[in-house]
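Spelled out, the chains give:
Number of protein chains: 2
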Amino acid sequence: MAKKEQDFVKEITPKSEDYSQWYLDVILKTKMVDYSTVKGCMVIRPYGYALWENMQKELDRRFKETGHENAYFPLFIPESLLKKEMEHVEGFAPEVAWVTHGGYEELQERLCVRPTSETIICSMYSDWIQTYRDLPVLTNQWCNVVRWEKSTRPFLRTTEFLWQEGHTAHRNEEDAEEETLKMLNVYADFAENVLAIPVIKGQKTEKERFAGALRTYSIEALMSDGKALQAGTSHNLGEHFAKVFDIQYLDSDNELKYVWQTSWGVSTRMIGAVIMVHGDDRGLKMPPKVAPTQIVVVPIPAKDPELVNSKVDALYNSLKTKFRIKVDDRDGYRPGWKFNEWEMKGVPVRLEIGPKDIEKGQVVAARRDTGEKIFIPEEKLEETLYQLLEDIQKNMYEQAKQFLADNTYVAHNYDELKEIVEEKRGMAKAMVCGDEACEIKVKEETGATIRNIPFEQEDLGEVCAVCGKPKKHMVIFAKSY
Amino acid sequence: MAKKEQDFVKEITPKSEDYSQWYLDVILKTKMVDYSTVKGCMVIRPYGYALWENMQKELDRRFKETGHENAYFPLFIPESLLKKEMEHVEGFAPEVAWVTHGGYEELQERLCVRPTSETIICSMYSDWIQTYRDLPVLTNQWCNVVRWEKSTRPFLRTTEFLWQEGHTAHRNEEDAEEETLKMLNVYADFAENVLAIPVIKGQKTEKERFAGALRTYSIEALMSDGKALQAGTSHNLGEHFAKVFDIQYLDSDNELKYVWQTSWGVSTRMIGAVIMVHGDDRGLKMPPKVAPTQIVVVPIPAKDPELVNSKVDALYNSLKTKFRIKVDDRDGYRPGWKFNEWEMKGVPVRLEIGPKDIEKGQVVAARRDTGEKIFIPEEKLEETLYQLLEDIQKNMYEQAKQFLADNTYVAHNYDELKEIVEEKRGMAKAMVCGDEACEIKVKEETGATIRNIPFEQEDLGEVCAVCGKPKKHMVIFAKSY
Chain E
1 MAKKEQDFVK
11 EITPKSEDYS
21 QWYLDVILKT
31 KMVDYSTVKG
41 CMVIRPYGYA
51 LWENMQKELD
61 RRFKETGHEN
71 AYFPLFIPES
81 LLKKEMEHVE
91 GFAPEVAWVT
101 HGGYEELQER
111 LCVRPTSETI
121 ICSMYSDWIQ
131 TYRDLPVLTN
141 QWCNVVRWEK
151 STRPFLRTTE
161 FLWQEGHTAH
171 RNEEDAEEET
181 LKMLNVYADF
191 AENVLAIPVI
201 KGQKTEKERF
211 AGALRTYSIE
221 ALMSDGKALQ
231 AGTSHNLGEH
241 FAKVFDIQYL
251 DSDNELKYVW
261 QTSWGVSTRM
271 IGAVIMVHGD
281 DRGLKMPPKV
291 APTQIVVVPI
301 PAKDPELVNS
311 KVDALYNSLK
321 TKFRIKVDDR
331 DGYRPGWKFN
341 EWEMKGVPVR
351 LEIGPKDIEK
361 GQVVAARRDT
371 GEKIFIPEEK
381 LEETLYQLLE
391 DIQKNMYEQA
401 KQFLADNTYV
411 AHNYDELKEI
421 VEEKRGMAKA
431 MVCGDEACEI
441 KVKEETGATI
451 RNIPFEQEDL
461 GEVCAVCGKP
471 KKHMVIFAKS
481 Y
Chain W
1 MAKKEQDFVK
11 EITPKSEDYS
21 QWYLDVILKT
31 KMVDYSTVKG
41 CMVIRPYGYA
51 LWENMQKELD
61 RRFKETGHEN
71 AYFPLFIPES
81 LLKKEMEHVE
91 GFAPEVAWVT
101 HGGYEELQER
111 LCVRPTSETI
121 ICSMYSDWIQ
131 TYRDLPVLTN
141 QWCNVVRWEK
151 STRPFLRTTE
161 FLWQEGHTAH
171 RNEEDAEEET
181 LKMLNVYADF
191 AENVLAIPVI
201 KGQKTEKERF
211 AGALRTYSIE
221 ALMSDGKALQ
231 AGTSHNLGEH
241 FAKVFDIQYL
251 DSDNELKYVW
261 QTSWGVSTRM
271 IGAVIMVHGD
281 DRGLKMPPKV
291 APTQIVVVPI
301 PAKDPELVNS
311 KVDALYNSLK
321 TKFRIKVDDR
331 DGYRPGWKFN
341 EWEMKGVPVR
351 LEIGPKDIEK
361 GQVVAARRDT
371 GEKIFIPEEK
381 LEETLYQLLE
391 DIQKNMYEQA
401 KQFLADNTYV
411 AHNYDELKEI
421 VEEKRGMAKA
431 MVCGDEACEI
441 KVKEETGATI
451 RNIPFEQEDL
461 GEVCAVCGKP
471 KKHMVIFAKS
481 Y
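Residue numbers (our numbering), protein chains in the order written: chain E, 1 to 481; chain W, 1 to 481.
In isolation and in its complexed conformation, chain E is listed as follows (with noise of 0.2 angstroms):
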């Protein structure tokens, strides 16, 4: 490798280094972010855009499918309507940015800039729910929410966000509860079939749940790191909001009741996740299923330039409709230094056409995820593409699903827990009772939280690994982002 090259790879600290500044490296260097002058506040660069489009996109239709349809509701919200339900406040509040003035004026009461819309929402439904007819209601958005927090890190945990909001109403539990698992099960399937991203599927504790919802269900992945990540939630929220914004629908038995409810959402936050799952020290790998590129395509310089470009052009021309392709023709860059930077893009497929290989009849390709290379005959491209592209999705999911499955470990008892979470990193498994002194007691003595009570349980014993009272059931236990 020529030195210009090797500085280039130089410029991403080492993961094992400071994983923390590799992060920051691989998103920053790959132009998917960048800082803005609002303190907490993203930009979201081209790059990184993209990504999330086609996230949506693979979402949007998984939504549409079940039956939703998108809608949009105002970015602000009465003081008084957010104060409407006392646990959804509480929850919030200390994390809401207010509009005081609009234009010289000021307000006559605060506005709240969303932080989640269960509060505007509701008080829609409550007009437009009359009968049972107008039901079930299932509605989603996409659109921006704003916490302000106190230390944020893109993507992960930023002041603004992006994201889409799920909000349904339903006749009965049993509907809610059918719609909130649906949707649980529609997160699950995006992460694992469209990022490569395994999961583990699960309720919330009762500490852990979403203020004002009666049950929290949830997604969590391993990242790279040995940290857990919360990858997204589904609400069965109950009667609370109808009870306090009068949601009412006549039934067809003729009695007025409340609907009861659900909210669901993934943010930008999955982008985070794709880039702590699969990026390595050379930068990001992105799935193919969303690559921004999923092929590039790098011209050798030869001795007729225009022998090169014009087969290039063809390539590109016959696989356009077909691949999100791109042809890097920049000038002044040497191969070398093109092919490390898309390394660091994390573009699943290098292809590379020199004078030698059209006189071969072949293409030369390169995987971001194994680095083979591999020499494809010219006639037999496009098929071996599709099939290199499916290639690398199923192995990074392998991969990731192998990580998983090497960094999560059983306690038995309280040290083996805590040195699971505190030395091994990774998923801790674990009996609990069920009481919330024990989650409290291993979250301020180890900073690890209860991520979920998996639905697929297992049996590990008959007593609480932290306290040794009888056991109530599994859980994971995790440091998180």
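To be clear, the hints were calculated from the coordinates, so they are not data collected in a lab.
Treat the hints with caution; some may be incorrect.
Derived EDC-like pairs: lysine to aspartate or glutamate, alpha-carbon spacing no greater than 16 angstroms straight-line [said to hold, decoys possible]:
no., chain 1, residue 1, chain 2, residue 2
1, E, Lys31, W, Glu69
2, E, Lys31, W, Asp127
3, W, Lys311, W, Glu382
Quick list of simulated restraints, FRET-style, between CB atoms [said to hold, decoys possible]:
no., chain 1, residue 1, chain 2, residue 2, range
4, E, Glu379, W, Pro377, 39 to 49 angstroms
5, W, Glu79, E, Leu28, 23 to 33 angstroms
6, W, Pro335, E, Asp189, 31 to 41 angstroms
Glycine included, each C-beta is placed from N, C-alpha and C at the ideal position.
Add chain W to chain E, keeping to what the hints say.
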């Protein structure tokens, strides 16, 4: 028509009786939009949002085809940043919402909720742009913006609205001007060929120029009440912002130069134009290319419901991947009631399928634009529907174009000008001297403004229609939204 069906249509105030009320009746009853508990902020309901999504798709494709990438910049702009460009802040300060508190703490510096993003984007460009190799920067953002408006009307003027804002940077004036006009043409093409709305392209006068721009161009459309609506603007910002935000690049001649910038935007306002250009006393008329539902199928009850239902299912399944199609199989509503509801919602084509039609191997189609009924042989259904939607699209454009022609007049002198804008309504073409005094006089005395200086100039005489001094160019006067 049965009484019940008549009542349905009667709910909409006739245009001729009260145009404003007609507009509100139409958008509220078709569930495009609703008022929220926040003054001046609208809720875009699924039917309105689906139209916006289709508009976004068409625009976004055109932006990408012309080389633009999407990104996302913060919602908040520090007060000091907004104030950097004096003319810009003077234009926007009176209508800005201010965030003063985050959580329980007062902020050291107020943040404005973006009314437009030139300043925050320029603050980033000054970091990102270093050499001529970094140019052009072709970025677009889809987002919400807030302008504190005193009097609001859904879609047309709201405190919060959705839009896209393109922000580009170029090496020189020529490139910037080319971009400014290119995007104006993209808007015009979109308005005419997608929304079926004819527009007049031209330059804004100095008085109506965007705060901080060098030159502003607009597309202007004529609503069915004779008022004009500015449907999109494109600004050549010159070097104004570059000088204030220090956006300099090292050119290939090794000299440090300021970039030339543009910005351009269209908003949910365009939804208002679609409603007011095409709607009639029966409700909306959706242009097929963006109609949330292009075709609605209404089964006609039969003694043997299975026969009709299975035919409807079969047709729906064969068409659902080709058109945006819906089946209205709601119980408890008569076909006539359904016909009226879908007419009100402006669905371009309604299909009726009853036992008699099945017997004859045909489907009955009704056009929303002409009311015409057509009997389509079942085996020709798909191709006929394609043709029908195309015809409707074309016919809607032709009708709007005819209306524009019929309501555009020539004013040779001030009396004629006053008569046109005050009595005839519509657009008045007139020669003017270019003096701002004439523009102000007309506005004060008649309420009409210069919409733009059309690119397609005509020679209507030698003197200014307002003051009689020598002419400079032809302008369009009209009252406007």
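Each hint tested on the structure:
Pair hint E/Lys31 plus W/Glu69 holds up; C-alpha atoms about 13 angstroms apart against a cutoff of 16 angstroms. Among the hinted pairs, E/Lys31 with W/Asp127 is consistent with the structure: their alpha-carbon atoms are about 12 angstroms apart, no more than 16 angstroms. Restraint check for W/Lys311 and W/Glu382: the C-alpha separation of about 15 angstroms stays at or below 16 angstroms, so the hint holds. The supplied range of 39 to 49 angstroms is met by E/Glu379 and W/Pro377, whose beta-carbon atoms lie about 45 angstroms from each other.
Remark: the range hint 23 to 33 angstroms for W/Glu79 to E/Leu28 is upheld by a beta-carbon distance near 27 angstroms. At roughly 40 angstroms, the beta-carbon separation of W/Pro335 and E/Asp189 lies within the given 31 to 41 angstroms, and the hint holds.
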